[in-house]
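Visitor: Read off the chains here:
Protein chains: 2
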Amino acid sequence: MSSTGLPDSTGLPDLNELAAQLTPNALVTDADVIAAHSSDRALFSPVGSALALVRATCVEDVQATVRFAAKHAIPIIPSGARTGLSGGINALDGSILLSVAKMDRILEVNTLDGTVTVEPGVINLDLKNHLAEFNLSYPPDPGSVAISTVGGNVATNAGGMCCVKYGVTRDFVRSLKVVTADGEVTTVGRNTAKGVAGFDLAQLFIGSEGTLGVIVEVTLRTVPKLADPLTSVALFSDPVHAARTVTDYLGRGATPSLLEYMDGGTIEAVNAYQNFGLPSGAGAMLIVQSDGSGSMTRAQEDLELFQQVAQDNGATDVMYSDDPRDSESLVAARRAVAPANEKLAHSRGGGELVDDVCVPRGRLAEFFERQAQIAQKFPDILVIACGHAGDGNMHPNVIFDAGDPVSTQHAKEAFGMIMQAGLDLGGTITGEHGVGVLKAEWLARELSPSAQKMHVAIKQALDPQGIFSPGKMLSYLG
Amino acid sequence: MSSTGLPDSTGLPDLNELAAQLTPNALVTDADVIAAHSSDRALFSPVGSALALVRATCVEDVQATVRFAAKHAIPIIPSGARTGLSGGINALDGSILLSVAKMDRILEVNTLDGTVTVEPGVINLDLKNHLAEFNLSYPPDPGSVAISTVGGNVATNAGGMCCVKYGVTRDFVRSLKVVTADGEVTTVGRNTAKGVAGFDLAQLFIGSEGTLGVIVEVTLRTVPKLADPLTSVALFSDPVHAARTVTDYLGRGATPSLLEYMDGGTIEAVNAYQNFGLPSGAGAMLIVQSDGSGSMTRAQEDLELFQQVAQDNGATDVMYSDDPRDSESLVAARRAVAPANEKLAHSRGGGELVDDVCVPRGRLAEFFERQAQIAQKFPDILVIACGHAGDGNMHPNVIFDAGDPVSTQHAKEAFGMIMQAGLDLGGTITGEHGVGVLKAEWLARELSPSAQKMHVAIKQALDPQGIFSPGKMLSYLG
Chain A
1 MSSTGLPDST GLPDLNELAA QLTPNALVTD ADVIAAHSSD RALFSPVGSA
51 LALVRATCVE DVQATVRFAA KHAIPIIPSG ARTGLSGGIN ALDGSILLSV
101 AKMDRILEVN TLDGTVTVEP GVINLDLKNH LAEFNLSYPP DPGSVAISTV
151 GGNVATNAGG MCCVKYGVTR DFVRSLKVVT ADGEVTTVGR NTAKGVAGFD
201 LAQLFIGSEG TLGVIVEVTL RTVPKLADPL TSVALFSDPV HAARTVTDYL
251 GRGATPSLLE YMDGGTIEAV NAYQNFGLPS GAGAMLIVQS DGSGSMTRAQ
301 EDLELFQQVA QDNGATDVMY SDDPRDSESL VAARRAVAPA NEKLAHSRGG
351 GELVDDVCVP RGRLAEFFER QAQIAQKFPD ILVIACGHAG DGNMHPNVIF
401 DAGDPVSTQH AKEAFGMIMQ AGLDLGGTIT GEHGVGVLKA EWLARELSPS
451 AQKMHVAIKQ ALDPQGIFSP GKMLSYLG
Chain B
1 MSSTGLPDST GLPDLNELAA QLTPNALVTD ADVIAAHSSD RALFSPVGSA
51 LALVRATCVE DVQATVRFAA KHAIPIIPSG ARTGLSGGIN ALDGSILLSV
101 AKMDRILEVN TLDGTVTVEP GVINLDLKNH LAEFNLSYPP DPGSVAISTV
151 GGNVATNAGG MCCVKYGVTR DFVRSLKVVT ADGEVTTVGR NTAKGVAGFD
201 LAQLFIGSEG TLGVIVEVTL RTVPKLADPL TSVALFSDPV HAARTVTDYL
251 GRGATPSLLE YMDGGTIEAV NAYQNFGLPS GAGAMLIVQS DGSGSMTRAQ
301 EDLELFQQVA QDNGATDVMY SDDPRDSESL VAARRAVAPA NEKLAHSRGG
351 GELVDDVCVP RGRLAEFFER QAQIAQKFPD ILVIACGHAG DGNMHPNVIF
401 DAGDPVSTQH AKEAFGMIMQ AGLDLGGTIT GEHGVGVLKA EWLARELSPS
451 AQKMHVAIKQ ALDPQGIFSP GKMLSYLG
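If you read the protein sequences in the order shown, they are chains A and B.
Residue numbers for the first sequence, in the UniProt record's numbering: 1 to 478.
Residue numbers for the second sequence, in the UniProt record's numbering: 1 to 478.
If you are wondering where the hints come from, they were derived from the structure by calculation, not from laboratory data.
Check before you lean on any hint, since a few could be wrong.
One copy or two, either will do: identical chains are not told apart, so a pair holds if it fits within one copy or between any two.
Stated by the list, open to error - Heads up, simulated BS3-like pairs for lysine-lysine below, C-alpha to C-alpha not over 27 Å straight-line:
1. Lys-102 / Lys-71
2. Lys-128 / Lys-165
3. Lys-165 / Lys-412
4. Lys-225 / Lys-165
5. Lys-412 / Lys-343
6. Lys-102 / Lys-377
7. Lys-128 / Lys-453
Just chain A, with the same shape it has in the complex:
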């Protein structure tokens, strides 16, 4: 047993004892329903057999479940909409799955303070739509915006396309209500704009992937409704010229609200999926948007600068649109990468691994060179990439024949080589998808022995029995 694992439970606990403390019907023992709740969208991440599923509808359900798990020393795995890509909520044998997806109320929009308080199960896009009625925005927009929950976004510190200007989920969290390992409910963080009273424990819970407690309420900062952006697109013969455009453009003081990248293979995949009007035949493409922080003049200046910089860096074509429909179509094309790659994978044997490394953006060009070398080494698989270029956050997609053991093995190796490239270039193994089980072993390679020790010590301090999500992201730390 590792220092972050859970002692073996002795015998099966009596689930009736738990059911008696929960809202009626919150406890589910139907094997099919449990199975349907036992995994997220990650490949190559083991899925165990859970004892039960609790569909919590209130904080008390969460508390009762945590106390039951603590009493019987059994693992508990908090989850939201299960849209993760790293297996972080996959079932463990003998565990209780604790879903907060049904706790999905928007509790308060405070227009005086510019905050919103929600239950963890509210869908990100539903929150955005609700806030729009108040002329407010909540910028974080992970690719899963239409299907993932705010609680899950907080637990994984989700990112998205807005991050280049507006930051990640972490930057918008004011405070959290969490249920701790002893079943207590407490507030971490604060509801004020500033505050330095003690450690910022909210920051510690953000991105902790269910290993420290269960998030049962979230208070977020909102911003005034964002202006509609203008859009420009530049095409390049190869990824390296696109990378140089990114650094030159941002280095000259631009503040785009979106700066996305697709390579030639990704453009082809999207074109084959649906007609968004994307040009074909390019080696790489950048999509840039600017909302000018509300100033159309500033937005136009931002895009003119982009066009200039792209041309200086050998762009083969630069397009500009002030038609909002064109802009929407381009962003829709970028958002379609996920289903487009799925379709492509389907035609090539069904295997797809979505990687997620982040490098300092000044090293993107080197990263693309490494990616090309990896693709060359494994001609039987495809390695194509899109990503949040302005943040240096790339999503290389490894597409392989899942029925062919050699192809599958090559895909796994390529996936690992991509992570290694991220580390070699001063980056990280995950920019926004999280560690889960998929990258747990890699986390131990990224962190120094001293940082690993701190992780284990903090886990031990806040969850001494190790009931929260054992065997996940911390499981390889020394």
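Based on these hints, arrange chain B on the given structure of chain A.
Guide: Quick look at chain B alone, frame taken from chain A:
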């Protein structure tokens, strides 16, 4: 002994053993020099007698000092420029003072990535000036900007006037190099724009006031050089109308880069100190600036909206200036509150307590009402306030006769009542000055028992011997 304290040391350690491991002359045992380094600027915060002062010039000096302290189980108190206001770096009996003020090099400005890496002792303003040569800005601007260090700013998560738009120190830290309790040096956080590999330990160190380790290197995010702002001023008959202006203005989507408040007593104090051209006779004043995120048009719109909202809320006078010298003069007047209040205090017996509470900005009006009640209760002392109105972060100044025990007692009571008002209104006992020893007892009132337990457990996990700054902010937690 509390769980966060240090076991009693047995006998005096041999300082020669430490000196032998340090850069020559880094160890100082001269009593006068030690005394000069033994306190910050807080009142009513005990100052003990330190064993020695280490003026570290490199990471190895810090490591050697920490290892020596760990071996002999003696307290170690990291410090920067000692400009704090809460006694957080005050000497304890038998402690070693560890100053990193001499580690003041700017190590790298990375214009590709928009980051800067510095040693902890660099002065905030020196960093700003250096970055200006690269057309970059580092927004955080605590009142102490000209004299405080970046390391100290990180250790206390310093704020300032920019926060209403640009956030606090926390929002700009990418990664830290820290020396941990076992003398290891490790990096926490990361140098990429995004990243979710493991707990964000950098966030835990930010604002931990020297209780978890010693910050020996800081990598900060920079932003493109900020545009010069436009300025407007509104006068009101009383603070409550000013508060309503703040909430209405921000509620209508404005994004000022500065939104400061001074009450009538503070204006008088500043006028008596120096002629900045401040109007006299008003009950409250708001100073607002907008940089329009680089758009002059947007800045003008922001200020026009402010003037409109101020008039709607009964402003007695509204002024606008597009002359940069006038703007600078107004901000200089706001920055002069500290020396002006010192002068005022000098004329009234020398006592001055600077409080620092933060409330949700929607409750500022109630806070001003509470402040008026407190002032009324103690007519022998003065309670006047300035603050960062846009953040709800107020600095009521309690001015009293330090030679008069009754006046002194009243000042302490008023100070406490101000903190209590902050808590009662859903706020915090400190928005930016920190807890130190001055507010340690109040921290225990602000935090729930469960949050207190988490603080103690984390402290124990990362500093099991309790060598870092014992007897400070955590000392009243259960």
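Visitor: For each hint, tell me whether it holds in the structure or not.
Guide: Hints versus structure:
1. Lys-102 / Lys-71: within (25 Å within a copy, 53 Å between copies)
2. Lys-128 / Lys-165: Result: close both inside a copy and across copies, 17 Å intra and 21 Å inter.
3. Lys-165 / Lys-412: So Lys-165 and Lys-412 fail the 27 Å test inside a copy (33 Å) and across (44 Å) alike.
4. Lys-225 / Lys-165: So Lys-225 and Lys-165 pass the 27 Å test inside a copy (15 Å) and across (15 Å) alike.
5. Lys-412 / Lys-343: within (20 Å within a copy, 70 Å between copies)
6. Lys-102 / Lys-377: Neither: 46 Å inside a chain and 50 Å across chains, both beyond 27 Å.
7. Lys-128 / Lys-453: neither (39 Å within a copy, 35 Å between copies)
Violated hints, in rising order: 3, 6, 7; the structure is consistent with all others.
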